[in-house]
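Taking the hints into account, I'd like the entire structure generated from these sequences.
Residue numbers (my numbering), protein chains in the order written: chain Y, 1 to 261; chain A, 262 to 655.
In short, the hints are calculated from the structure, not lab data.
Computed from a prediction, not measured in an experiment: that's the story for all the values here.
Take the hints with a grain of salt, since some may be wrong.
Simulated DEER-style distance windows between Cβ atoms [as the list claims (entries may be wrong)]: (1) GLY408/A - ASP138/Y: 38 to 48 Å; (2) LEU409/A - ASP112/Y: 45 to 55 Å; (3) GLY444/A - ARG17/Y: 26 to 36 Å.
Every residue gets a Cβ at the ideal spot worked out from N, C-alpha and C, and that includes glycine.
These are the residues of each chain, in order.
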Amino acid sequence: MSTALASMFATARHAGRPVFMPFMTAGIPDQDSSPAVFEQLAADGADAFELGIPYSDPLMDGPVIQAASARALDGGMTFLGGLELAGRVAGSTGKPVIVMTYVNPILQAGPDAFAAEAAALGIAGVIIADVPFEESADIQAALAGHGIGMALFAAPTTDEQRLRAIAEAQPSFIYAVADLGVTGRRQETSRHLEGLVRRIRAVTSVPIVLGVGISTPAQAETAAAIADGVIVGSALVAEVLEEGAPRSGAAFAAAVHGTAR
Amino acid sequence: MSDTSFPDATGRFGPFGGRYAPETLMAALAELEAAFRQAWADPVFVSEYHRWLREFVGRPSPLYEAVGLSEALGIRILLKREDLNHTGAHKINNTVGQGLLAKRMGKPRIIAETGAGQHGVASATAAAALDLECAVYMGAKDMERQGLNVVRMQLLGTEVIPVTSGAGTLKDAVSEAMRDWVGSVASTHYVIGSVVGPHPFPLMVREFQKIIGEELSEQLGDVKPDVIVACVGGGSNAMGIFYPFLDSDIDLVGVEAAGKGIETGKHGASLGHGTPGVLHGARTYMLQDDQGQVHEAHSISAGLDYPGVGPEHAYFQDAGLARYESVTDREAVEAFHLLSRIEGIIPALETAHAIAWLQREAPALAGKTVVVNLSGRGDKDVQEVVGLSSDPGL
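Dropping the structure here:
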């Protein structure tokens with residue numbers, strides 16, 4: 001388990017201040033401006049980052065993040081380039097960076113070589129969209145060997161038996177998928193939100209971070225009231241794609257931290 | 262000796278297969294596996310499936326002695342006529358099975374992906390007959406080259422949804438169908454069209470397609486073929502005809518798309534020229550770069566235009582249970598013309614790849630007996646092929 005992530009969640013819990021963890025695709029609006037996007041989000045109040053490494057076949061992602069991935073890849077971003085950017089952002093912001101990827105690039109590099117590279121770059125954790133806990137053991141062990149944390153998912157469709165097995169695998173945190181469906185903006189707060197968090201809390205004290213479909217500060221505030229952290233992705237990514245910079249980072253940070261007026 | 266007990270409990274065929282899926286789908290995959298195993302062990306379900314195959318699909322499909330082609334190539338050639346099935350290809354064996362399973366699971370809606378349109382049409386057909394709602398994801402590029410099948414699906418009451426992400430081909434249609442399923446899983450069954458995807462799909466589609474080889478085994482009687490050959494995109498028709506013969510000493514040959522030529526990089530030969538990786542939920546051979554980004558495939562045939570392949574074929578290749586060759590677009594089109602003129606059978610461009618391999622290997626196969634899985638008919642490809650005769654790039 002990554003000490004950076006453990007201490008971040010411990011501090012957050014102690015202070016009763018949930019973690020704001022924006023998701024941002026590496027390499028948008030373009031390679032040169034990408035670091036500044038993360039730095040601005042840090043200034044806006046991000047506690048950590050989920051840095052999305054663009055992938056050719058992003059199965060779990062909706063249209064906004066698909067478009068972001070395609071633009072980043074067209075602009076020359078690569079898997080290794082994404083890792084290097086993650087290291088640079090960790091250095092310049094001092095915040096933990098968790099990289100989000102699909103499993104195939106990790107398997108091509110080899111889990112151990114990947115973990116060594118990520119550790120050398122100062123990456124705190126890894127989220128793999130298409131790895132459920134059944135397929136996670138080898139990769140999680142390789143990461144742990146280099147002091148890097150791994151998140152596992154729980155979804156509204158995950159039953160109690162699976163939740164227990166996921167908790168027993170001791171992830172750095174549980175990425176609770178707040179809504180069915182791929183990543184993307186939603187009009188309404190998911191009706192699954194509270195029930196899912198309650199069911200996870202009933203079986204484990206592992207930190208819970210809510211993501212998928214949280215696209216307004218009001219939704220983020222609702223999520224923050226019950227979770228240890230909140231991920232906001234497509235809403236911010238869309239702003240970077242359309243305007244070159246994330247406009248509402250500060251509003252989301254305030255909503256999550258409970259300092260919104 | 263082969264291990265026909267595969268896949269194991271984790272959905273693996275040796276080192277291939279598995280269940281690399283978003284957590285949101287894991288419950289549905291477990292539910293599907295349980296429902297399939299229970300149904301497949303239930304004589305009532307199995308006999309209902311066989312009744313549909315008999316009365317609706319028109320099985321058994323004939324085994325036809327292709328005298329003209331045999332004489333032309335100096336090989337005894339038998340054609341397993343899957344092109345004579347209702348809707349014109351082997352795909353319907355699987356969609357009827359999965360459609361019946363969807364009904365049994367109480368899911369009122371099915372979704373499917375399609376490349377050439379054959380699986381889409383077969384899904385739309387099963388949905389109409391079984392009173393299920395149906396949506397089919399199809400690459401925008403494929404919608405252009407397979408316009409006839411788009412109209413057929415619409416006539417059958419199915420919504421055809423164009424996919425513009427990626428290259429707008431089969432790979433992107435699979436991804437988009439999976440995205441739909443992530444959000445609609447409570448009411449929807451995903452009828453995957455080949456032996457690909459996360460466990461239990463490769464197992465289930467194999468089981469619904471192995472009827473091809475089982476019938477063949479009976480129809481052959483005392484005839485003992487030296488070779489069974491089938492085209493391979495995802496690999497469902499090849500799996501269907503190979504599987505019952507794994508323990509025989511018959512040479513099982515899958516033919517992949519060499520596209521514009523292997524050396525150009527524009528091909529669909531995942532087994533012959535790919536490397537192991539995870540695509541669409543399973544570890545298999547696939548086309549990718551050294552950092553694990555998926556390459557676009559290329560084939561004149563939309564059904565073979567796919568950068569992955571069923572994980573059980575990956576296992577067959579590594580275990581030496583089957584071998585995989587490839588032929589180019591040009592060779593496939595030549596074979597398309599040959600079979601049409603000599604036998605009066607217009608094959609699908611996918612199927613023409615298997616014929617093309619025979620044509621190329623004829624000297625080495627002289628005097629032998631070969632069964633070809635004639636997986637589909639070529640009406641859908643007529644326009645494409647006519648347009649090509651003037652294409653200097655082919």
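Hint-by-hint comparison with the structure:
1. GLY408/A - ASP138/Y: 38 to 48 Å: holds, 46 Å
2. LEU409/A - ASP112/Y: 45 to 55 Å: Since the Cβ atoms of LEU409/A and ASP112/Y sit about 51 Å apart, the hinted range of 45 to 55 Å holds.
3. GLY444/A - ARG17/Y: 26 to 36 Å: holds, 32 Å
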